[in-house]
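J.: The residues making up each chain are set out below.
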Amino acid sequence: MTKTKNWVEIGPLKDIQPKGARIIKHVDGDIAVFRTSDDKVFALDNKCPHKGGPLSEGIVHGCRITCPLHNWVLELETGLAVAPDEGKAKTWPVKVEDDIVYVELDDDVVMVEG
Amino acid sequence: MKKQKLVIIGNGMAGMRTIEELLDRAPDLYDITVFGDEPYGNYNRILLSPVLAGEKTVDEIMLNDESWYSDNDITLRHGEGKRVVEIRRNRKVVITNDGSEEPYDRLLIATGSKPFMLPLPGADLQGVIAFRDIKDVDTMLAASKKYKSAVVIGGGLLGLEAANGLMKNGMSVTVIHLLDSLMEMQLDDAAADMLKKSLIERGLKFEMKASTKELIGKKRVETVLLDDGTRLDADLVVMAVGIRPNIELAQKAGIHCERGIVVDDTMLTFDPSVHAVGECAQHRGIAYGLVAPLFEQAKVCANHLAQKAFATYKGSTTSTKLKVTGINLFSAGDFKGNEDCEEIVLEDKKAGIYKKIILQDDKIKGAVLYGDTIDGAWYFQLMREESDVSEIRRTLMFGQSHVGDSGTGGIDIMSMSDDMEICGCNGVSKGDISYAISSKGLFTLDDVRAHTKASSSCGTCTGLVEQILMATLGSDYSASPSEKALCKCTEHSHDRVRSAITSNELKTIPDVMKFLDWKNPDGCASCRPALNYYLLCAWPMEYKDDGQSRFINERAHGNIQKDGTYSVVPRMFGGLCTADDLRAIADVSDRYSVPEMKVTGGQRIDLFGVKKEDLPDVWSDLSEAGFVSGHAYGKAMRTCKTCAGANWCRFGTKDSTGLGVKIEELSWGSWMPHKFKFAVSGCPRNCAEATIKDFGVVCVDSGYELHVGGNGGIKVRVTDFMTKVETEEEVLEWAGAFCQHYREDAHYLERTAPWIERIGLAPIKEKLEDDKVRKELYERFIISQKAAQIDPWKARTSGKLKKEFMPIKDLVS
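Protein sequences, first through last, are from chains H and L.
First residue of the first sequence: 0, per numbering that gives the first Met the number 0; consecutive thereafter.
First residue of the second sequence: 0, per numbering that gives the first Met the number 0; consecutive thereafter.
Keep in mind that the hints were calculated from the coordinates and are not lab data.
Watch out, some of these pointers could steer you wrong.
As the list claims (entries may be wrong) - Once the Cα atoms are required to be at most 27 Å apart in a straight line, the calculated DSSO-like pairs of lysine-lysine come out as: (1) L:Lys362 with L:Lys766; (2) H:Lys87 with L:Lys518; (3) L:Lys561 with H:Lys89; (4) L:Lys801 with H:Lys46.
Use the sequences and the hints to build the structure in full.
T.: Pasting the structure below:
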């Protein structure tokens with residue numbers, strides 16, 4: 000079965016603080032949605048590739064997030080750990096339209112919502 | 000805008016370190032061209048001795064291979080025809096020996112030094128070389144395969160390392176030294192004698208107080224003739240009598256030179272477009288021949304090349320360590336002293352141990368250690384930071400392990416095997432660290448932390464990692480500067496940032512970052528919490544706390560656990576509680592299915608495993624029952640531990656619980672540079688363990704003894720006695736004043752113990768003993784407490800702040 004993608008409405012941008020994050024509860028694990036100081040929005044699996052730390056609870060600086068457990072730093076854009084650490088958190092496509100945040104998820108996930 | 004042209008003459012460690020620092024600050028400012036003499040990238044010259052001794056390979060000591068240059072858009076010119084032969088300052092060009100020209104806007108001279116070759120008859124014979132570069136090492140290695148006898152002229156650091164290396168390659172080696180004491184620049188006679196004895200045991204031969212008259216041979220050198228007529232067989236002669244700053248180009252171009260190229264505190268020469276760094280530069284009369292000062296110079300130079308223009312170089316304190324495996328030797332600073340100095344000497348000839356420390360005005364001026372160099376890094380740190388050692392003088396010679404530190408002191412890194420674990424937090428072994436240092440070209444503690452994670456968590460093993468750095472790099476490891484930058488986003492130190500905040504009335508994080516020219520507009524996870532704290536401390540009534548700049552624990556008012564849940568600790572003042580309190584806590588535990596509860600070391604009850612989304616309700620219920628937050632998660636006043644005291648205990652002299660409650664009522668909610676713990680014991684039996692707390696009160700019949708700076712954590716440290724007072728009111732005033740002084744003076748994340756060790760107890764005592772100053776500090780503490788004693792739990796049990804704890808979208812239920 001090929002999965003189809005679907006843009007899912009998450010909520011108003013203003014509900015995420017600048018330099019902050021909120022999470023989406025998801026059957027395959029939580030997804031963290033980040034908002035940077037210049038209002039860019041990113042979505043990553045809420046799981047640090049190091050030891051699974053909840054990235055949503057870290058400190059956002061520039062387009063990077065520092066994991067609260069052991070201070071790994073990840074690029075929000077790519078999910079890649081900043082050298083010399085190595086690892087990657089899964090990223091999800093995001094868009095903001097009329098101040099509403101959407102994340103592109105696999106279709107079967109949306110079915111669960113219904 | 001067209002980029003400016005930066006030309007660097009010299010492809011060595013000083014020049015390339017400056018470029019690395021520059022790229023870090025201003026990656027796009029310049030078009031960079033580097034001219035180098037040797038046909039390699041940039042390598043770690045200080046590790047040539049281990050290469051010669053067969054302990055490392057050339058590849059292992061490369062710092063920047065050729066791809067580094069292309070990756071960073073740097074043009075590297077080396078090899079035939081690319082040697083710079085002239086600088087034309089009027090036209091701002093450099094000219095190479097093939098006649099081509101390279102224009103510059105800014106020029107950096109980093110030509111290093113040249114070995115000094117004695118102008119002896121026969122010095123031009125084959126087999127007569129210096130010990131300076133990879134080529135020399137290759138020549139020595141080739142000679143050792145073919146020939147038997149070698150003579151090294153010069154019994155200094157470099158000469159002895161060369162001699163040791165040649166001996167290890169099977170040659171019979173004689174060292175000729177002009178004086179009767181080896182390494183006279185670094186060692187006193189006693190240590191030099193022990194060193195010589197040990198080297199003779201290994202098989203080296205010495206001709207002391209000897210001067211070379213002539214080198215004799217047909218094509219290749221065969222014999223060394225000394226002044227006294229002695230003849231030594233020699234198939235190879237290595238001259239290691241000293242180095243001279245390589246200033247020829249600068250001199251020819253009319254740039255002011257003395258022994259080296261004269262530079263000011265910004266590493267600028269007399270020509271405002273020309274900088275100089277490294278061994279060719281002479282700063283305040285000194286041309287350094289070691290690598291460690293280069294790193295400090297490179298930072299300053301890069302700061303000015305990047306047009307930031309505020310850093311200054313004030314000279315370096317250097318230390319030396321001989322890189323001969325199996326010989327432990329350390330020397331730093333002024334090790335001879337003068338009539339104003341005092342000496343402490345410990346000597347045990349049989350065990351091969353000699354230690355001498357030179358003191359002046361209660362500060363360490365210099366040290367020589369032989370045989371046992373474990374504490375070299377510690378003495379060096381005390382020396383650089385100019386710490387007052389009068390309080391630890393009696394045990395100073397026995398090392399750091401004897402000053403109340405039961406952490407890692409007393410472990411000899413040299414005798415450890417490679418698989419021994421150094422960093423228990425991150426599971427990093429000694430071998431991992433030394434391999435990373437040499438293979439990745441690391442020089443500083445920060446480098447090692449980034450690459451291996453060693454000492455990056457609890458920090459207990461910092462001393463061990465510094466020892467490994469020192470052991471691996473020898474003389475030239477770059478000790479962390481005494482004035483450290485706050486983080487990688489800035490070059491300013493904690494103290495500078497703090498004074499800028501108060502003197503320029505900076506009142507928000509963006510204001511501070513803008514004013515101090517932060518490199519990253521948002522800062523990072525290190526500096527933002529620090530700035531948030533400094534601003535909060537400076538402007539308690541005005542500053543609006545920035546939650547996004549706090550670590551999650553302080554945002555969620557609970558301790559994040561490894562599974563992402565939180566632990567919650569209700570405050571129980573002085574550790575006292577009622578049956579109702581316990582019932583309320585038990586109810587909360589049932590209601591939210593708290594999986595585990597525990598009594599903490601600070602006499603509180605910890606509820607583990609609370610889910611983030613349950614936090615607001617848990618708080619709300621606890622709040623209802625009359626609890627406030629225990630701040631067990633924060634860089635804040637945590638607990639005041641008490642014993643039973645005079646109310647119940649037959650030994651108690653005072654009401655320790657009552658006083659503990661008063662102290663906690665005074666201080667709860669206070670944000671601190673780091674966590675802060677009180678304790679009150681009712682008698683000297685000290686059941687509340689007050690002498691390992693940040694501020695401990697020990698009640699005695701005649702009053703209250705106040706102790707400060709204790710720590711029962713990473714490094715056990717017993718408190719220092721501060722004073723004795725007679726009334727509870729005085730205790731509270733001293734406690735508040737001490738807290739406030741710590742809040743205003745310590746660096747963020749520096750606990751009271753290291754703070755006191757850094758600045759000394761004396762200045763703190765002096766401040767607090769002054770009635771006026773103490774009362775002012777206390778007043779300021781009371782003011783800031785007005786803003787701080789708002790229960791963070793209560794504020795977050797409803798409304799928008801509560802929403803923050805919920806998922807923004809639930810796609811599961």
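J.: Would you pick out the hints that fail for this structure and give their numbers low to high?
T.: Failing hints: none at all.
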